[in-house]
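Please model the complete structure; the sequences and the hints are all you need to start from.
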Amino acid sequence: AVILVGVAGIKQPDPASDDGDDNCTGNDCADDDGDSDASATEIIIGLLFILAAQLVTAVQIITEEKLMTRVGMAPVCLVGMEGLWGMLYFIPISIILTLTPASDEAISTVWHEDFIDSFVQLSNSTELCGIAFGYFITILAYNISCNFVTQTLSAVVRSILEACRTLGVWAASLCLYYVFNSKSVGEAWSAWSWLELGGFAILLLGTVSYKGLVKLPCVGEDVYEAQKEAEEAEADDLAQYNLLESEA
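Taken in order, the sequence shown gives residues 2 to 249; the numbers are from the numbering used here.
No lab work stands behind these hints, which were simulated from the structure alone. Treat each hint with caution, since some may be false.
[Said to hold, decoys possible] In the DSS-like style, the derived pairs of lysine-lysine whose C-alpha atoms are separated by at most 27 angstroms in a straight line are:
1. K67 to K212
2. K67 to K229
3. K184 to K212
4. K216 to K229
[Stated by the list, open to error] Distance ranges between label pairs, derived from CB positions:
5. Q241 to Y136: 36 to 46 angstroms
6. W112 to Y225: 19 to 29 angstroms
7. A172 to L100: 39 to 49 angstroms
8. L175 to S210: 34 to 44 angstroms
Backbone N, C-alpha and C fix where the C-beta goes; we use that ideal spot for every residue, glycine too.
Now the structure itself:
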């Protein structure tokens with residue numbers, strides 16, 4: 002499902018390209034082909050970085066599940082500990098990124114960030130401070146909610162639910178394009194959007210069928226019963242483990 006959505010996103014036509022000159026000749030057409038090749042290469046590299054980030058995120062979610070179910074750490078406490086450690090290593094990183102040389106190239110944001118200018122902008126804009134504070138509250142609530150889902154259900158369920166977040170982004174893009182007439186930000190419906198819609202449908206079906214909310218006709222009832230018994234046995238083992246840990 003994720004692959005279908007990714008392919009549809011890559012094949013989605015760029016609205017900015019429709020305004021270009023279709024009557025290019027000679028070296029102009031060659032330059033356009035070179036730009037498209039470079040763009041495709043950048044997309045592939047970006048997807049590889051996203052896959053690597055997903056691996057790191059998977060390790061993080063599994064570790065969080067172990068800390069909450071095995072160690073007994075509270076979800077709110079875990080969020081606070083992650084934020085504390087993030088602040089401790091981000092302070093020296095921010096100093097290093099501020100001292101690195103600036104550049105006009107877009108890729109320079111990888112190694113340079115002017116944090117002094119960021120604080121100047123915050124001090125001169127009440128609206129920007131409000132947006133930053135709202136973002137802080139939103140991320141805090143999001144992380145706490147994710148940890149509660151991981152503790153109550155499992156890391157797998159959390160990852161599946163987070164994958165469905167892409168559906169909300171896509172729906173918002175279509176809404177911005179057609180309802181608010183924001184052509185530069187939104188996304189227009191195209192032939193590849195049907196493939197994207199199919200990918201999201203499979204993703205949603207997999208989400209609800211994983212927890213048995215929708216039973217697939219090709220799966221026997223005994224499979225669902227065995228899965229339910231396995232989950233109950235795992236919950237009992239976990240409760241017994243926590244009881245032994247508390248008595249130790």
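Here's how the hints hold up against the structure:
| no. | hint | verdict |
| --- | --- | --- |
| 1 | K67 to K212 | holds, 21 angstroms |
| 2 | K67 to K229 | holds, 21 angstroms |
| 3 | K184 to K212 | violated, 39 angstroms |
| 4 | K216 to K229 | holds, 13 angstroms |
| 5 | Q241 to Y136: 36 to 46 angstroms | holds, 42 angstroms |
| 6 | W112 to Y225: 19 to 29 angstroms | violated, 52 angstroms |
| 7 | A172 to L100: 39 to 49 angstroms | holds, 42 angstroms |
| 8 | L175 to S210: 34 to 44 angstroms | violated, 26 angstroms |
Violated hints for the displayed structure, listed by number in ascending order: 3, 6 and 8.
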